[in-house]
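Participant: Kindly produce the complete structure, drawing on both the sequences and the hints.
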Amino acid sequence: MPKRPSSRLLWSGANVTADLSCDRDLAALAGRLDDLTAVVGRAAAAILAVDPATAGRRQKSDRSFVTHADEAAQAVVLQGLSEIFPGLPAICEEATGLPRPDALGQCFALVDPLDGTREFLDGRPEFTVNLAVVRAGVAVLGIIAAPALGRIWRGFLGSGAQRLRFDPARPGGFDEIVPVHARAQIPGRIRVAVSRSHLDADTSALLSRLAVSETIVCGSSLKFCRVAEGGADLYPRLAPTFEWDIAAGDALLAAAGGVVKKPDGTPLRYGQIADGFRVPAFVAFGDPAAAREIVEGGTGRHGR
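In this text, residue positions in the sequence shown follow the numbering used here: the first is 33, and each later residue adds one.
One thing to keep in mind: the hints can contain errors.
Okay, derived cross-link-like pairs now, SDA-like style, lysine to any residue, Cα gap no bigger than 25 Å in a straight line [as the list claims (entries may be wrong)]: (1) Lys294 / Val210; (2) Lys294 / Ala237; (3) Lys294 / Ala271; (4) Lys294 / Pro200; (5) Lys294 / Glu246; (6) Lys294 / Ser191; (7) Lys294 / Arg228; (8) Lys294 / Leu239; (9) Lys294 / Gly220; (10) Lys294 / Asp232; (11) Lys294 / Glu325; (12) Lys294 / Gln304; (13) Lys294 / Val249; (14) Lys294 / Gly262; (15) Lys294 / Ala216; (16) Lys294 / Gly308; (17) Lys294 / Leu181; (18) Lys294 / Ala81; (19) Lys294 / Ser229; (20) Lys294 / Pro272; (21) Lys294 / Gly263; (22) Lys294 / Pro320; (23) Lys294 / Arg215; (24) Lys294 / Ala168.
Label-pair restraints from in silico Cβ distances [to be verified]: (25) Asp154 / Ser191: 30 to 38 Å; (26) Val249 / Leu80: 17 to 25 Å; (27) Leu181 / Gly63: 24 to 32 Å; (28) Ser236 / Arg89: 46 to 54 Å; (29) His230 / Leu80: 18 to 26 Å; (30) Arg90 / Gly155: 38 to 46 Å; (31) Gly220 / Gly63: 23 to 31 Å; (32) Ser114 / Gly220: 46 to 54 Å.
Because the hints were derived from the structure by calculation, they are not lab data. Small disclaimer: the values here were computed from a predicted structure and weren't measured. We put the beta carbon where it would ideally sit given N, CA and C, even for glycine.
Facilitator: Here it is as structure tokens:
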């Protein structure tokens, strides 16, 4: 089941003073990429400072969990955003309130401060911090940190994607910057990334129709990272999720040469307030040519 937004969203930015809505502002956004990456790195370090055994696990009405680690990372990201881009509206998972449809603006941030809380609590390293910036419905910047793996992936639309190493002992610092690229799909050798905790029946049915040579099981937005760096070809999810879960991965993958589509082949549009920021289904492709083939072959009833 997807998480319910009605009780767990933070609307930050009712008094908007910075609307990144033109090309000049996009250039300014690209110029602050290192600063935004440092913020995500500090949020990752804040998560690692929390012991899962004493993280204050609380189960919400949708049966998912929130912990002190979620809240600590959220505070770091929102503080960093407010310092770098004062007034930039932010939609953040772990809080309350929905923006007015006329208040969100052309440019806003989507934040999941701890994607994969279950993995964090269970001691698995597959949890992430997700930060995306959206302009005119399109995710143009995405940063994903995997705290336990010491890695950050980032991408800016039109400027490429990178993988970085970060050291939690010096939060905000990073090095070993390596370009990453999605790979062209090899016929008959499809490597698919799937969810460890949320593999649904429709997604399983899709996989049964494809020539899958390898299945990579992992949690959180790391599946987008695997596709963006060429370790997987496909990441389908034909079950509902929310915009903050996937926007950073969408931007990262687009910067790496891939694409994220609805099952009917149309692009995702972010900022769907009327739908509670809900995304019914999506498929992430490393190879846009393969996206056309699979969409034309049909991905099920979600394409309507």
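Participant: All hints, please: hold or fail.
Facilitator: Hints versus structure:
1. At roughly 30 Å between alpha-carbon atoms, lysine 294 and valine 210 are farther apart than 25 Å, so this suggested pair is violated.
2. Of the supplied pair hints, the one linking lysine 294 and alanine 237 holds, its CA atoms being roughly 16 Å apart against a limit of 25 Å.
3. A threshold of 25 Å between alpha carbons decides the hint, and for lysine 294 with alanine 271 the separation of about 11 Å falls inside it, so the pair holds.
4. Using a Cα cut-off of 25 Å, the hinted pair lysine 294 and proline 200 is violated, with the two alpha carbons roughly 36 Å apart.
5. Between lysine 294 and glutamate 246 the CA atoms are separated by roughly 23 Å; this keeps the pair inside 25 Å, and the hint holds.
6. Of the pairs offered as hints, the one joining lysine 294 and serine 191 holds, with about 24 Å between alpha carbons and a cut-off of 25 Å not exceeded.
7. Distance restraint check for lysine 294 and arginine 228: the Cα-Cα separation of roughly 21 Å lies within the 25 Å cut-off, and the hinted pair is therefore satisfied.
8. Restraint check for lysine 294 and leucine 239: satisfied, since their Cα atoms lie roughly 16 Å apart, inside the 25 Å limit.
9. With a C-alpha separation of about 23 Å, the suggested pairing of lysine 294 with glycine 220 holds against the 25 Å cut-off.
10. Between the alpha carbons of lysine 294 and aspartate 232 the distance comes to roughly 16 Å, so the proposed pair stays at or under 25 Å and holds.
11. Note on lysine 294 and glutamate 325: the hinted pairing holds, with a Cα-Cα distance of about 14 Å set against a maximum of 25 Å.
12. As the CA atoms of lysine 294 and glutamine 304 are separated by approximately 14 Å, the hinted pair is consistent with the 25 Å bound.
13. At most 25 Å may separate the alpha-carbon atoms for a hinted pair to count; lysine 294 and valine 249 meet this at roughly 21 Å.
14. About 21 Å separates the Cα atoms of lysine 294 and glycine 262, which keeps this hinted pair within 25 Å; it holds.
15. Distance restraint check for lysine 294 and alanine 216: the Cα-Cα separation of roughly 20 Å lies within the 25 Å cut-off, and the hinted pair is therefore satisfied.
16. With a C-alpha separation of about 17 Å, the suggested pairing of lysine 294 with glycine 308 holds against the 25 Å cut-off.
17. Simply put, lysine 294 and leucine 181 have alpha-carbon atoms about 30 Å apart, too far for the 25 Å limit, and the pair is violated.
18. Among the hinted pairs, lysine 294 with alanine 81 is inconsistent with the structure: their alpha-carbon atoms are about 37 Å apart, more than 25 Å.
19. With a CA separation close to 21 Å, the supplied pair lysine 294 and serine 229 stays within the 25 Å bound.
20. In summary, the hint linking lysine 294 to proline 272 is supported, as the alpha carbons are separated by about 11 Å, within the 25 Å threshold.
21. For the hint linking lysine 294 to glycine 263, the alpha-carbon distance of about 22 Å falls within 25 Å, and the restraint holds.
22. Between the alpha carbons of lysine 294 and proline 320 the distance comes to roughly 13 Å, so the proposed pair stays at or under 25 Å and holds.
23. For a cut-off of 25 Å, the pair hint linking lysine 294 to arginine 215 stands: about 20 Å separates their Cα positions.
24. For the given pair, lysine 294 sits about 18 Å from alanine 168 by alpha-carbon distance, which is consistent with the 25 Å threshold.
25. Taking the beta carbon of each, aspartate 154 and serine 191 are about 36 Å apart, inside 30 to 38 Å as hinted.
26. At about 23 Å, the beta-carbon gap between valine 249 and leucine 80 stays in the expected band of 17 to 25 Å.
27. Between leucine 181 and glycine 63 the beta carbons are some 27 Å apart, a value that agrees with the proposed interval 24 to 32 Å.
28. Range check, serine 236 to arginine 89: about 29 Å between beta-carbon atoms, so the 46 to 54 Å window is missed.
29. In this structure the supplied range 18 to 26 Å holds for histidine 230 paired with leucine 80, their Cβ-Cβ distance being about 24 Å.
30. Hint check: arginine 90 to glycine 155, Cβ distance near 18 Å, so the stated range 38 to 46 Å is violated.
31. Against the hinted window of 23 to 31 Å, the Cβ-Cβ separation of glycine 220 and glycine 63 comes to about 43 Å, which falls outside the hint.
32. For the pair serine 114 and glycine 220, the supplied restraint of 46 to 54 Å holds, since their beta-carbon distance comes to about 50 Å.
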